Structure formats: structure tokens, C-alpha cells
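Chemist: Take a look at the letters that make up each chain.
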Amino acid sequence: MATLPNNLFKLEEGQDPAALWEQINVHYDLEKSITQTHDSICYDSFDWRLFLQGWQLTAHNKKTAYESGQNTAQQTECWSIILESVDGQQQYARQSLKQVPTFAWDFPDSLLKTQLQPILEMRALLAHTHLHWVVQTWKVLDDEQKTVVRLQLETVYVVGENSEHTCLGQALRVLPVRGYTKALQRVLQIIQAQALETEQKSWLELAWRQTQQQPGSYSSKLNLQLKPDMPANIATKIILQRLLDTMQENEAGTRQNLDSEFLHDFRVAIRRTRSVLSQVKGVLPKTTVTRFKPQFAWLGSVTTPTRDLDVYLLDFDKYHAMLPAQVQPDLAPLLHFLQQHHRQAQQKMAKTLVSKTYQKLIQEWQQFIHSPSRAHPQIPNSGRPVIEVANENIWKAYRKVLKAGKRINDDTPVVALHELRKDCKKLRYLMEFFQSLYPKDRAMRSIKILKDFQNILGDIQDYFVQVEHLQSFAEQMVEEGTGSSRTLLAMGVLVGHLLDLEQQARTRFTERFEIFAQETNRHRFAELFKPQKAKITKVITKATQAGGA
Amino acid sequence: MKIIASYSIKGGVGKTSTAVNLAWQAAQEGANTLIWDLDPQAAASFYFRIKPKIKGGTKKLLKPKSVLDNLIKGTDYLNLDLLPADFSYRHMELGLNEQKHPTQQLLRLLRPLTQEYDYIFLDCPPTLTLVSENIFQAADIMICPVIPTTLSLRTLQQLEDFCNDNNLKHLSILPFFSMVDRRKKMHQQIIETFKPQGLFLNQQIAYASDIEKMGLRRAAVGDYAASSQAAKSYQSLWQEIQQRW
Ligand SMILES: Nc1ncnc2c1ncn2[C@@H]1O[C@H](COP(=O)(O)OP(=O)(O)O)[C@@H](O)[C@H]1O
Ligand SMILES: [Mg+2]
Numbered sequence: 001m002a003t004l005p006n007n008l009f010k011l012e013e014g015q016d017p018a019a020l021w022e023q024i025n026v027h028y029d030l031e032k033s034i035t036q037t038h039d040s041i042c043y044d045s046f047d048w049r050l051f052l053q054g055w056q057l058t059a060h061n062k063k064t065a066y067e068s069g070q071n072t073a074q075q076t077e078c079w080s081i082i083l084e085s086v087d088g089q090q091q092y093a094r095q096s097l098k099q100v101p102t103f104a105w106d107f108p109d110s111l112l113k114t115q116l117q118p119i120l121e122m123r124a125l126l127a128h129t130h131l132h133w134v135v136q137t138w139k140v141l142d143d144e145q146k147t148v149v150r151l152q153l154e155t156v157y158v159v160g161e162n163s164e165h166t167c168l169g170q171a172l173r174v175l176p177v178r179g180y181t182k183a184l185q186r187v188l189q190i191i192q193a194q195a196l197e198t199e200q201k202s203w204l205e206l207a208w209r210q211t212q213q214q215p216g217s218y219s220s221k222l223n224l225q226l227k228p229d230m231p232a233n234i235a236t237k238i239i240l241q242r243l244l245d246t247m248q249e250n251e252a253g254t255r256q257n258l259d260s261e262f263l264h265d266f267r268v269a270i271r272r273t274r275s276v277l278s279q280v281k282g283v284l285p286k287t288t289v290t291r292f293k294p295q296f297a298w299l300g301s302v303t304t305p306t307r308d309l310d311v312y313l314l315d316f317d318k319y320h321a322m323l324p325a326q327v328q329p330d331l332a333p334l335l336h337f338l339q340q341h342h343r344q345a346q347q348k349m350a351k352t353l354v355s356k357t358y359q360k361l362i363q364e365w366q367q368f369i370h371s372p373s374r375a376h377p378q379i380p381n382s383g384r385p386v387i388e389v390a391n392e393n394i395w396k397a398y399r400k401v402l403k404a405g406k407r408i409n410d411d412t413p414v415v416a417l418h419e420l421r422k423d424c425k426k427l428r429y430l431m432e433f434f435q436s437l438y439p440k441d442r443a444m445r446s447i448k449i450l451k452d453f454q455n456i457l458g459d460i461q462d463y464f465v466q467v468e469h470l471q472s473f474a475e476q477m478v479e480e481g482t483g484s485s486r487t488l489l490a491m492g493v494l495v496g497h498l499l500d501l502e503q504q505a506r507t508r509f510t511e512r513f514e515i516f517a518q519e520t521n522r523h524r525f526a527e528l529f530k531p532q533k534a535k536i537t538k539v540i541t542k543a544t545q546a547g548g549a
Numbered sequence: 001m002k003i004i005a006s007y008s009i010k011g012g013v014g015k016t017s018t019a020v021n022l023a024w025q026a027a028q029e030g031a032n033t034l035i036w037d038l039d040p041q042a043a044a045s046f047y048f049r050i051k052p053k054i055k056g057g058t059k060k061l062l063k064p065k066s067v068l069d070n071l072i073k074g075t076d077y078l079n080l081d082l083l084p085a086d087f088s089y090r091h092m093e094l095g096l097n098e099q100k101h102p103t104q105q106l107l108r109l110l111r112p113l114t115q116e117y118d119y120i121f122l123d124c125p126p127t128l129t130l131v132s133e134n135i136f137q138a139a140d141i142m143i144c145p146v147i148p149t150t151l152s153l154r155t156l157q158q159l160e161d162f163c164n165d166n167n168l169k170h171l172s173i174l175p176f177f178s179m180v181d182r183r184k185k186m187h188q189q190i191i192e193t194f195k196p197q198g199l200f201l202n203q204q205i206a207y208a209s210d211i212e213k214m215g216l217r218r219a220a221v222g223d224y225a226a227s228s229q230a231a232k233s234y235q236s237l238w239q240e241i242q243q244r245w
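Going down the list, the sequences are from chains C and G.
Start counting the first sequence at 1; every next residue gets the next number (the UniProt record's numbering).
Start counting the second sequence at 1; every next residue gets the next number (the UniProt record's numbering).
Derived by calculation from the structure, the hints in this document are not laboratory data.
Predicted, not measured: the structure shown is a model, and the values here were computed from it.
Heads up, a few of these hints could be off.
As the list claims (entries may be wrong) - Incomplete in silico selection of chain G near chain C, CB under 8 Å:
{"#": "1", "residue": "Ile50"}
{"#": "2", "residue": "Lys53"}
{"#": "3", "residue": "Ile72"}
{"#": "4", "residue": "Lys73"}
{"#": "5", "residue": "Gly74"}
{"#": "6", "residue": "Asp76"}
{"#": "7", "residue": "Asp81"}
Unchecked claim - Label pairs and their in silico Cβ distance ranges:
{"#": "8", "chain 1": "C", "residue 1": "Lys113", "chain 2": "G", "residue 2": "Leu78", "range": "53 to 59 Å"}
{"#": "9", "chain 1": "C", "residue 1": "Met122", "chain 2": "G", "residue 2": "Leu78", "range": "36 to 42 Å"}
{"#": "10", "chain 1": "G", "residue 1": "Lys53", "chain 2": "C", "residue 2": "Val26", "range": "23 to 29 Å"}
C-beta: ideal position from N, C-alpha, C; glycine also.
Produce the entire structure from the sequences given, and follow the hints as far as they go.
Modeler: Dropping the structure here:
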């Protein structure tokens, strides 16, 4: 995939370029020119969004030195930031900045910003690879002493966290001079005759191998490969291990608040774990379930205040825009309030994540997952094929959603909608846990159907919760003496807006539910998830009924 | 993009030295720069060690679909390219005369290059002919080296008259004193007389052996004598020119 541009030749370890110079010297004079050093740092989000897009973002601090030697090299303190394709063949945007911003929204308005923003969204740019280059330039001269080709001997180092340098190797880059194609061909021929292969792996890939990084390796998705006839207890532990991994992968970033998504993924993994404990029935030992359920509930709850404030901060611009222009400045104290409380909540949460209680929980949980799984007659589903358990649980959860949905009309109190939302979430998690047991496209299609329905419930819930939060923020601001009457009025306008939006969302509910519950979709779910036994009994009853008639 | 001609009706006044050193300076400052050696004497090509030859000569050059792109050569310096001279440029006058718009040919040829380069310098032959008219049409700025002698001043006057007569208002003419010899009374007198008018650029290029040496070194002054007075003069001349547009 990623190849270096042509005209690059890898030198073997310990290979002396002098032999090569000699060969070239037969035809051309060679003149040693300047040596330059520069650093390049590659950035991506934690979940490798740029890489997965086929992109690569690199900041170079090239010290511009002139070839003429006598000219004092001008040192630039600037980083030249380049967005290009992973193979370096195509450049999409570039910008020179004093520092590399952390978030796409921190970039000054530019092509680079507009390219990055929709891909990175709220994710921070993190440096993943630091390369150091020492580049020695040689000039190939014709009989007029005119430079006809430039040769650059690159020595590349990967720089570690404690700025230790590890050499990745040496390569020779052949730079053409415009209008001297014959000389270029000749020099290339000489170099090729020395059996130097064009380097296939890019420096970046070599660096990744050295630092044992795997681009694209992190995903918040489960991406499991379960087999239908696996015992349910083993499959469940595979799911739980994956969720624990995700928690641990996100823990440091959550603690350091690198961006809001670490906490988000961390929390999703906790919620999913809780969902396994309560929704995958009769598979895990009862004692384990009763012991860990409250502990993960606790872990979820200590992360909630920070997340709530994150959501507000991420949406602040949206709230701002909901207000008429002349009232917008009145909202500034709310932003300040949110930031301050976020800092406090974050600090408190970070403390919890290094606490003994937390570490003990994770440790014991890991121990449980690693402990041998034996099917036990007292745990009725533990040894059954996972597909059966999956079908039963999903089917049950699905039926519950259908039943609850049917009961809802325009007069139903909003709590019922919130309950339904929770039921949907449980169903969704179950479907995702066991997704790999079903034909891929059909599983994905049914998840999509559920997701579309969840969206409307999510909207209703979000507006409702946001109103509640705004009200409690207002109370706190009054208590703290930070909310002027103007700010509170502006917040009141927001509350009004959000209530309107909630109302509008509610009116769309029935229509969305009807789509979700329409016959073709019910069929789809039944076909995929309806337990075999039930299906068979139904067929038998049908047959006997037909026979009896 | 700016097209800058280094021009004088007279020979041996420093046109080529100026074009070469200013182009080098621009390239050093990071601008993509091209210099076109339009003089069949090929002094600029010589300084850059590039053979004064273009494929097909003037005849091919002036054909309707011709392009300059593949005639361009990279110099020894980054960001600096050269379009070489060719012996057949001596007959350019005749070739131009056969064209439909005989004064617009240079501009037509240069237009596709304006995307690629920040500056295009034209090193001109010392004539006042159809070739020069093409140069006047194409250039945005014309820098004119003038040796502080009465004769040189007369040729500058000739040039100004020509431009006025031929409606070349777009062209800004920037004369400066070239090959100034401090020891010569007449040089000093002439410079003093012209100072109050503000017609000439402030920066002068003094007579300097470092500049004479270009023929030997075949390189820009700033390359082999970076800290010399001559190199500094060209640098500030370039600065002053940039401030004039
Ligand atoms: N400032 C200067 N001091 C000394 N010699 C110079 C100076 N400028 C030009 N020369 C020399 O004078 C000669 C003519 O200069 P050149 O730039 O080729 O003029 P033109 O292009 O107008 O004919 C060249 O030999 C050059 O080296
Ligand atoms: Mg000349």
C-alpha cells in the first residue's frame, strides 16, 4: 500500500555509499553539499480517523538552509503541516503554524481546517510517530560543473518518548533537476546496477514496526468473531474481555481528558458490561452477577457528571445559535460555569480512576474473566450453544420493545418513553454483542432499523434531560452568585426552545414506531432471532391444525 | 506573479548581472523564479552553466502551439529555473514580424507559466526593436541599469519617450545607477543632480570586482561572495523594487 515515491533506494545495513559514489564518479563529478536535519511528527486521532480515511497528517520543522553553504541558515520556528495521502503521492492541504493545534476547530480558517473538521470532529490530534532526519546532499555535475542531478542520503531515526533515537536505516533519494532527464536516467541506471532496491516500505511503516504500533488498531466497535455453537459462557467472556480491553484502552485518555471521546467510549464499555450482566440471563454465576453489577453501576455513576458537562460544552455553539443575536452574549457566564464545573468534575473522576477501589474492581473483574469456565447445572444456560441463548435474549428484548411501543400514544407520560428508550438500548446492545453469529448484512440491516427508531427516542430524551440540567445549572448559578438575571433569562429562552423541540420530537414518535413495527421489519427480526424451538412448535401446531381441518 | 525585465538600449551596462543576481535573490527568499535569457549573446545561460540551446530554435518557438515548459532547465539553485538563450534569437525580429499580433508573442508564450512561477525575469538584448516591444508588452516592471554618464542618461530619455509614444502606461520603469565608480567625479555629480527628482531607485550598484568575477565563477554573487558589499547591494535593490509595486 504505502510506498515511497520512486527514485528512493534503501541502503543495506552497513552499506557504504562510497562504492556508489565511485561508480557515479566514472561519468560525473560529485560535489558534497549541505547537510540538513529536520523533524517530522505524525498526528492522528486515537481511533486513527485520518489513517482510516487514507490520510496522513505530518508536521515538519524544516530548518531552511541554503545550498550555498556560506549563507547562514535561516531557522524557522514554524511547523509546516501537511495533509496528504498515506502513500504521500497526493497532497490535500498545507499550512504553516507556530504549533500544531489539538483540535480541528483550533486551526485558523483554511482548506486544512475544512478538510480535517468533518473527519476528526471532537477528537484530539495526538502525535503517534516522531521521525528525525539527517539529509546529506550531493550534487552530480556535468562537464560544465553544472548540477544535473541531486542525491540525498537520508538517515532516518524514530524518536522515542524519552527522546531516544533509534536508526531506521539509510536511503538514497535521487532528485531530478528540471530539463536533465538524460543525466537522471543514467544516474538511476548506475544506482540500480549496484543492486539497491527501491524501498517498498515507507519510513512511517518501519517506525511503526519499531514502536510496535498498529495503525487503525483501536476501534470502539466490538468487532467480535463468535461461533454459533460456542458454549454461551465462553462467548460471554469473550464479549466481556473485549469490553474490559476497551475500558483499559481509554482509561489514560479519560483520566488526562485528552478529548471527550475517551470518556465516552469508556462509559459505553461500562454500560455494555452492565448490560451483559443483566441481559444475558442464566449464563454467568449468580454470585458474580450480584457482586459486580453494583460495582459497575458505581463506576458508571462516577463518570456521569463529567460526561453531562462534556455534552453541554460540545453543544454549546448550538445553544448559542438558538438564541437571538442580541441575547447571545448573555450566555457567556453559562459557558464559564460549565467549564469550571467540568474541571472540577474531571479532577474528581480522575482521582477515582486511580483509587484503590477502582483498581481492585478492574483486577477482580479481570480475574473472573480469566477464571476457567465450566458449565454448571445450576447455571442453566452456561453450556448451551451461544446462538440459542442469543436468540432467546434478543427475541425477548425485541418483544418487550414492541409491546411497550404499542402502548404509547400522545397522552402517555414521558417516563414511558424513557423506559422504552432503555429497553431499546438493551436490545441494541444484545444485537451488537451477538452480531457475528448472524449473516452480516442481515444483522446490520436489523441494527439499522432499530437505530433509526432509537434516534427519535434519543431526541426526546435528550431534550428532556437538557431542560432538567439547564434548570439545575440555573439553580446552582444562583447559589454560587454567578448567574445574573440576564443570563438566567437567556437560559430561560433556551429551555423554551428545548421544550418546543421535545414536543416536536414527540409528535414524530408514532410515525417512527409504525415504521419500526411494520410487518416486513417484524418478519426480518423473527427470521433472524426467533428461537428455533418456538419456530418448530409453531410449524407443528400449524401443521396439526391444517391436518385437523 | 510579476514579469520583470532587465532592460537598456545600451550594452555592457549591467543588465545581465542585475537579472541574474536579483533572480537568485528572489529564489533564495523562497519564490519560484524563472529567468529567460533573451539575448543571443547568452551571458545569463553562461553564468548558470547551461548550454545556450533550445530545441527547434526560434522558428519552433514562435509556432502557434509551441510551449516553453519542456525547454526550461533547473539551475544549480533551488527554486530557480532558466529558459536558455539560443543563437537563433538573432533572427527573432523576422520571426515576430510574420505573426498575426507581432508585439504580443512573448506574452502569449509566458502566460501558461504564470501559474508556476512567482517571478519571471527577462534578460534582454540591448535593442529597441520588435523584440523589445514584445518585452514591453509582457513585462510589469522594467528595471534599467544606468551608468551615471550623460550618454546613458540620454538613452534612458529615449526609452521613456518610446514608452509614452507607444501607450505603455502599464509598465513601471525603475532606473537605477549601475557600475557606479565613487572615484569618478562625473558619476558623483550626475547622481547628486538626479537625487531630488526621485526618478532613480535609491540603491545603487557600485563597480565591484566581485561582480566582474561572475564570469569566472559562473555563479551568482550571493553564492560565492555572500558577505560582500555587492551581494548586499543586490539584496537591498531587490527589496526596494518589491516596495515599488
Ligand atoms: N557593478 C559592476 N562592477 C563591475 N563589473 C560589472 C558590474 N556590472 C557588470 N559588470 C561587468 O560588466 C560586463 C557587462 O555586464 P553585463 O551585466 O553583462 O551587462 P549587459 O547585460 O548590460 O551587457 C560584464 O563583464 C560584467 O561582469
Ligand atoms: Mg547582457
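Chemist: Does G:Gly74 hold up as a contact with chain C if the rule is Cβ-Cβ below 8 Å?
Modeler: Hint on G:Gly74: holds, closest Cβ of chain C at ~4 Å, below 8 Å.
Chemist: Answer holds if the nearest beta-carbon of chain C is closer than 8 Å to that of G:Asp81; otherwise answer violated.
Modeler: Hint holds; G:Asp81 Cβ to chain C Cβ min 6 Å, cut 8 Å.
Chemist: Let's test the interface hint: is any C-beta of chain C closer than 8 Å to that of G:Asp76?
Modeler: 4 Å, holds
Chemist: Going by Cβ atoms only, is G:Ile72 closer than 8 Å to chain C?
Modeler: For G:Ile72, the interface hint holds, since the closest Cβ of chain C sits about 6 Å away, which is under 8 Å.
Chemist: Verify the interface restraint on G:Ile50: the C-beta must sit less than 8 Å from at least one C-beta of chain C.
Modeler: 6 Å, holds
Chemist: With chain C as the partner, please determine if G:Lys53 meets the hint condition of a C-beta pair closer than 8 Å.
Modeler: Violated, because the Cβ-Cβ distance from G:Lys53 to chain C comes to roughly 11 Å (cut-off 8 Å).
Chemist: Per the hint of 53 to 59 Å, is the separation of the Cβ atoms of C:Lys113 and G:Leu78 within bounds?
Modeler: 29 Å, violated
Chemist: At the C-beta level, are G:Lys53 and C:Val26 separated by a distance inside 23 to 29 Å?
Modeler: Once the Cβ atoms are compared, 26 Å apart, the range 23 to 29 Å for C:Val26 and G:Lys53 holds.
Chemist: Regarding C:Met122 and G:Leu78, is the given constraint of 36 to 42 Å on their beta-carbon distance met?
Modeler: Cβ of C:Met122 to Cβ of G:Leu78: about 41 Å, so the range 36 to 42 Å holds.
Chemist: For the hint on G:Lys73, does the least C-beta distance to chain C fall short of 8 Å?
Modeler: 4 Å, holds
Checked against the numbered hints listed earlier, the structure breaks hints 2 and 8; every other hint is satisfied.
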